[in-house]
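In order, the protein sequences belong to chains C and H.
For what it's worth, the working numbering labels the leading residue of the first sequence as -11, then goes sequentially.
For what it's worth, the working numbering labels the leading residue of the second sequence as -11, then goes sequentially.
Wrong hints could be hidden among the right ones.
Identical chains share a label here; the pair holds if one copy fits it or two copies do between them.
Here are the simulated DSSO-like cross-link-like pairs (lysine-lysine), alpha carbons at most 27 Å apart as the crow flies [claimed, not checked]:
| id | residue 1 | residue 2 |
| --- | --- | --- |
| 1 | 13 | 170 |
| 2 | 64 | 106 |
| 3 | 94 | 0 |
| 4 | 23 | 170 |
| 5 | 23 | 93 |
| 6 | 23 | 73 |
| 7 | 143 | 13 |
| 8 | 106 | 23 |
| 9 | 23 | 143 |
| 10 | 0 | 170 |
| 11 | 0 | 143 |
| 12 | 152 | 64 |
| 13 | 152 | 94 |
| 14 | 13 | 106 |
| 15 | 93 | 0 |
| 16 | 94 | 64 |
| 17 | 13 | 23 |
| 18 | 23 | 152 |
| 19 | 106 | 0 |
| 20 | 143 | 64 |
| 21 | 94 | 143 |
| 22 | 73 | 94 |
Derived from the structure by calculation, the hints contain no laboratory data.
2 protein chains.
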Amino acid sequence: MKEKPISSAVTKRLPRYFRYLSELKEQGTERISSKELSERMQVTASQIRQDLNNFGGFGQQGYGYNVEHLYSEIGKILGLNRVRKVIIIGAGHIGQALANFQDFKKRGFQICGIFDVKQELVGQMIAGIPVMSMDSVEAFIQEQNIQIAILTLPKEYAYETAVKLMQYGVTGFWNFALVDLKLPGNVVVENVHLEESLMTLAYNLSEG
Amino acid sequence: MKEKPISSAVTKRLPRYFRYLSELKEQGTERISSKELSERMQVTASQIRQDLNNFGGFGQQGYGYNVEHLYSEIGKILGLNRVRKVIIIGAGHIGQALANFQDFKKRGFQICGIFDVKQELVGQMIAGIPVMSMDSVEAFIQEQNIQIAILTLPKEYAYETAVKLMQYGVTGFWNFALVDLKLPGNVVVENVHLEESLMTLAYNLSEG
């Protein structure tokens, strides 16, 4: 896997594979052909075979894919079998909604704390997680060995805050601030652009 | 515009153009060359010229683009100059966060009501918007001429609920339920896959 880099188009499809396999598993499906998987996912069967071959393939001629096995292998490739410690920056509405997001735990993401600059929020509990002051974030990251920060703060503060968190040891950001966050150095940023998604909806409605 | 369909790759970039232009406008920038815009957006200058030519182009040789003009033209193309009436289905954490999302109004989206099946939530106000019973959603959609529904309900109920809402007159869905919603007929669906975004982050962290 490390030898031959996998194209970002493939890695973008992996979470979709994982989600579909997770649904199949819930439905009790034990095996699936690339043809059936392709119909569900609306990509071609040859695309599926090609994608999964990047990871050594998992299919058997005439049998198809074992759902449980493929699910667990893709989960490993996605790194979902590890536990990752996460903090949320910003205890506003989005921060609260994410703290309540049930699927984190299933995927190995452990929310350890929520931080906010607003002192009046400090000490509140959100989904069983304490809101702490931003003044204590540096010590917390280092003591707890926090790897990921979810940013739900106003865009004006996103960059400077992220740079500080990097210096404290955070290596991954899930960014909900309404700005394309580009950070220097060796960190991973996943920008969520809700606003762009909304505009795409508006555009498609206008064209309809 | 109607004569020559625009590729979905281009339409996907339009919201990004719009967002960058919106930032430039806020900073008081009056004009920008395709070169500068390309550096900000990390796409090539020729890509930008090509994309904007789909809409008749807006640049002038040796001057670049007038930010205000381009912003307003792209806004029109995206249909952001219209008012659209929206309801939120599900008054849980994500529904609440979205009801509080300030940018809706700026983009012409008017949240008219929030609906939930839980009777104990009915009558509550969220961001100044009343929570109503799902029993009254049909009459509400028809009386208020609602066009868009934001779905924040459990995935098990997403499809059947969406089909009903379509029958009542909804033509666009912004779907936060953790399922790829595919609906029959002539409606627009924009699926938001928070879970996939999180898995992409996990994968990129594993590879780092």
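Against the structure, the hints come out as follows:
no., hint, verdict
1, 13 / 170, "between (37 Å within a copy, 20 Å between copies)"
2, 64 / 106, "neither (39 Å within a copy, 38 Å between copies)"
3, 94 / 0, "within (20 Å within a copy, 31 Å between copies)"
4, 23 / 170, "between (39 Å within a copy, 19 Å between copies)"
5, 23 / 93, "neither (32 Å within a copy, 44 Å between copies)"
6, 23 / 73, "neither (38 Å within a copy, 40 Å between copies)"
7, 143 / 13, "between (39 Å within a copy, 15 Å between copies)"
8, 106 / 23, "neither (53 Å within a copy, 40 Å between copies)"
9, 23 / 143, "between (44 Å within a copy, 25 Å between copies)"
10, 0 / 170, "both (19 Å within a copy, 20 Å between copies)"
11, 0 / 143, "both (26 Å within a copy, 22 Å between copies)"
12, 152 / 64, "neither (31 Å within a copy, 39 Å between copies)"
13, 152 / 94, "neither (29 Å within a copy, 31 Å between copies)"
14, 13 / 106, "neither (43 Å within a copy, 29 Å between copies)"
15, 93 / 0, "within (21 Å within a copy, 32 Å between copies)"
16, 94 / 64, "within (13 Å within a copy, 42 Å between copies)"
17, 13 / 23, "within (17 Å within a copy, 49 Å between copies)"
18, 23 / 152, "neither (48 Å within a copy, 31 Å between copies)"
19, 106 / 0, "neither (37 Å within a copy, 36 Å between copies)"
20, 143 / 64, "between (33 Å within a copy, 25 Å between copies)"
21, 94 / 143, "between (29 Å within a copy, 16 Å between copies)"
22, 73 / 94, "within (13 Å within a copy, 36 Å between copies)"
Hint compliance for this structure: hints 2, 5, 6, 8, 12, 13, 14, 18, 19 are not met, and every other hint is.
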